[in-house]
Amino acid sequence: MSHKHADPAALARLLLSHMDGALADLTEAQFAAMIARSTSRAAGGPKPPLRWQDELIEKMVPLRCSVLDLGCGNGELLLRLTECKQVRGQGVELDPGAVFECVARGVPVFQSDLDAGLKGFSDQSFDYVVLEETLQTLHRPVDVLMEMLRVGRRGIVSFPNFAHWQVRFDLAFRGRMPVTPRLPRRWYDTPNIHLLTIQDFLDWSGENHVRIVEGHALADGAVRPLQPGDNLHAEEALLVVERSDRWTQM
Amino acid sequence: MVDPTPKPRGRSSAEDDPPDSPSSVGYTTAHTVRLATEANPFPLEIGTRSIGPIDVEYETYGQLSPTRDNVVLVAHALSGDAHVAGWDRNAEATGRAYRTKHPGWWDTVIGPGKAIDTRRYFVVCSNVLGSCYGTTGPSSIDPGTGKPYGLRFPMVTVGDWVRLQARLLDALGIERLHCVVGGSLGGQQALEWALAYPHRVERAIVLAASPRLSAQGLAFNTVGRHAIMNDPLFHGGDYYGRAQPGTGLSVARMMAHITYLSEEAMREKFGRRLRNKERPDFHFGIEYEVESYLSYQGKAFVERFDANSYLYITRAMDYYDAAEQWGGGDLVEACRRIQSRLMVVSFSSDWLYTPEECRAFALAMCRAGKPVTYVNVPSNYGHDAFLVETGPVGHLLRHFLDGDQR
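Those sequence lines, one after another, are chains A and B.
Per this note's numbering, the first sequence starts with residue 10, numbered consecutively.
Per this note's numbering, the second sequence starts with residue 3, numbered consecutively.
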């Protein structure tokens with residue numbers, strides 16, 4: 010075993026052979042900028058909009074369609090969709106406090122544990138089933154994804170991207186569980202138990218007859234259509250999915 | 003956010019809202035209205051029978067708005083009456099002296115500023131057909147014989163009750179309900195309203211009730227009726243003018259009270275504590291606290307309830323099956339009728355109308371493509387929780403009532 014420091018050029022070659030394309034495509038200046046921003050996190054970049062997904066979903070869904078919001082929280086999205094798009098909305102939420110807030114807002118809410126499944130909901134009974142920032146908190150995320158595509162004609166899924174460069178930096182170089190604006194909790198109090206990356210989701214979709222109809226990313230504080238390289242650049246992703254088999258398409 | 007497990011409401015007078023409290027509806031006076039006559043009787047659901055005359059006792063609180071759009075109809079449960087809130091002004095005169103000790107049965111949520119705010123809503127509650135609180139029932143005089151009906155009173159159903167309530171509202175000039183609300187058997191009436199009169203109901207709240215009673219519930223009702231009908235004083239239901247079959251009725255009530263509490267609630271409330279003694283006396287009198295409680299409940303009930311009414315009302319409870327009535331046995335099909343906003347609330351330790359049954363009902367609404375709110379309130383108080391958990395129940399009522407129309 011050699012006690013010499015690694016040859017930087019050899020190390021770079023070795024790393025590049027395992028990197029995803031997005032990382033390999035970075036220029037030196039871009040890479041340096043990322044490192045600089047990661048090390049001075051407090052300075053921050055542009056403020057990411059809160060609940061950026063809601064605005065997208067509002068634009069996306071047609072008037073008077075039906076929307077099932079899984080893990081609907083205090084009902085904010087459904088309230089918005091009911092007011093702006095006259096949707097037939099139904100929320101599902103477990104937290105008693107959030108359920109009470111839904112009632113106060115006049116949002117129909119079904120108190121239930123998502124991990125217990127959507128058993129009882131009819132096949133293809135909603136136009137859209139929304140799973141906003143919830144997937145990574147579920148005990149059985151794949152079961153819930155499959156159920157949402159059984160109950161809904163389309164699914165809208167959003168989640169924090171665990172392959173975002175800040176996350177990678179924290180883990181790879183600082184050796185600590187990432188704490189970022191979109192993953193703000195420490196390892197011991199995070200509700201996230203099944204973290205995933207955009208690429209993980211794309212891989213899973215490809216293997217399971219799930220088609221990505223539409224994709225959006227939150228990157229550098231802005232919302233834009235998903236593009237190659239976003240597995241590195243996107244803090245969060247929102248994907249519209251549908252089954253490419255079995256169910257009749259919309 | 004409201005604390006989901008608030009301090010339980012005691013039944014002591016100290017916690018009752020006195021009549022002069024700004025949040026009490028104060029002293030109340032019941033009204034009676036004749037809604038069917040002998041010449042023009044009320045048709046009943048079962049058989050070809052109809053009944054007349056029918057007098058209905060009801061109470062109202064608050065003011066009916068000029069557009070008549072602020073009506074909240076409250077439906078009472080098995081042993082309930084029209085006296086939901088406030089203090090009965092005529093308690094002594096009408097032979098209901100027990101009412102001087104406590105306000106109406108749901109005074110905790112009805113009154114100025116309370117969850118069902120009488121400054122805003124016009125609250126109506128009527129006593130059901132077959133009961134014994136001023137509405138025609140088995141103890142009323144049968145015009146055919148000039149004697150009390152007894153068991154010659156016709157079988158009545160939840161559907162009959164709701165149609166009679168609709169007739170009452172017609173008489174009051176009320177077309178639409180802002181909300182209909184009830185717990186237990188009252189919850190089934192609220193559901194029946196949403197099914198039978200979908201266009202008259204804007205909101206329906208079903209507390210601690212499902213679209214039909216379980217086999218276990220049927221079993222308990224059966225035993226209660228056995229106790230009454232096998233009491234030597236029952237005399238085939240013709241005991242009026244004599245002592246009523248009090249032993250049977252109190253046994254029925256004691257057993258019902260067991261089903262209203264949960265195992266945890268009994269353990270917490272009574273445990274195995276002895277009643278006013280250090281060690282048992284080794285006799286068959288009252289030894290334990292729980293014995294004393296049940297015995298008291300049984301006796302108090304006999305003073306205020308009619309055994310025949312108990313038979314008829316528990317039978318109506320047995321027969322009710324919303325799916326059968328409105329969906330040919332298919333609950334989802336029945337739910338398709340519903341046009342109102344619906345909230346179903348279960349209580350975690352209720353084993354009479356279980357959270358599972360209530361949840362299944364709410365799911366049937368979802369399957370029918372209808373929006374529904376379903377909340378399972380954590381509580382140790384069993385079926386009684388719908389009356390006891392006034393914190394979360396009050397919050398849900400207030401917000402569901404006040405929520406925007408959509």
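Derived from the structure by calculation, the hints contain no laboratory data.
Please note that the accuracy of each hint is not assured.
Claimed, not checked - Derived Cβ-Cβ restraints for the label pairs, each shown as a range:
1) B:266 with A:124: 23 to 31 Å
2) B:287 with A:124: 33 to 41 Å
3) A:125 with B:217: 19 to 27 Å
4) B:36 with A:124: 55 to 63 Å
5) B:67 with A:236: 54 to 62 Å
We treat Cβ as the ideally placed atom computed from N, Cα and C, and that holds for glycine.
Cβ separation of residue 36 of chain B and residue 124 of chain A, checked against the hinted range 55 to 63 Å: Given about 57 Å between the Cβ atoms, the range holds.
Pairwise beta carbon distance, residue 125 of chain A to residue 217 of chain B, judged against the given window 19 to 27 Å: With a Cβ separation near 25 Å, residue 125 of chain A and residue 217 of chain B satisfy 19 to 27 Å, so the hint holds.
C-beta pair residue 67 of chain B, residue 236 of chain A: status relative to the range 54 to 62 Å that was hinted: 57 Å Cβ-Cβ, so the 54 to 62 Å window holds.
Range hint 33 to 41 Å (beta carbons of residue 287 of chain B and residue 124 of chain A) holds or violated: 52 Å, violated
Satisfaction of the hinted span 23 to 31 Å by the C-beta atoms belonging to residue 266 of chain B and residue 124 of chain A: Because 26 Å falls inside the window, the suggested range holds.
In terms of the numbered hints stated before, the structure departs from hint 2 and from no other.
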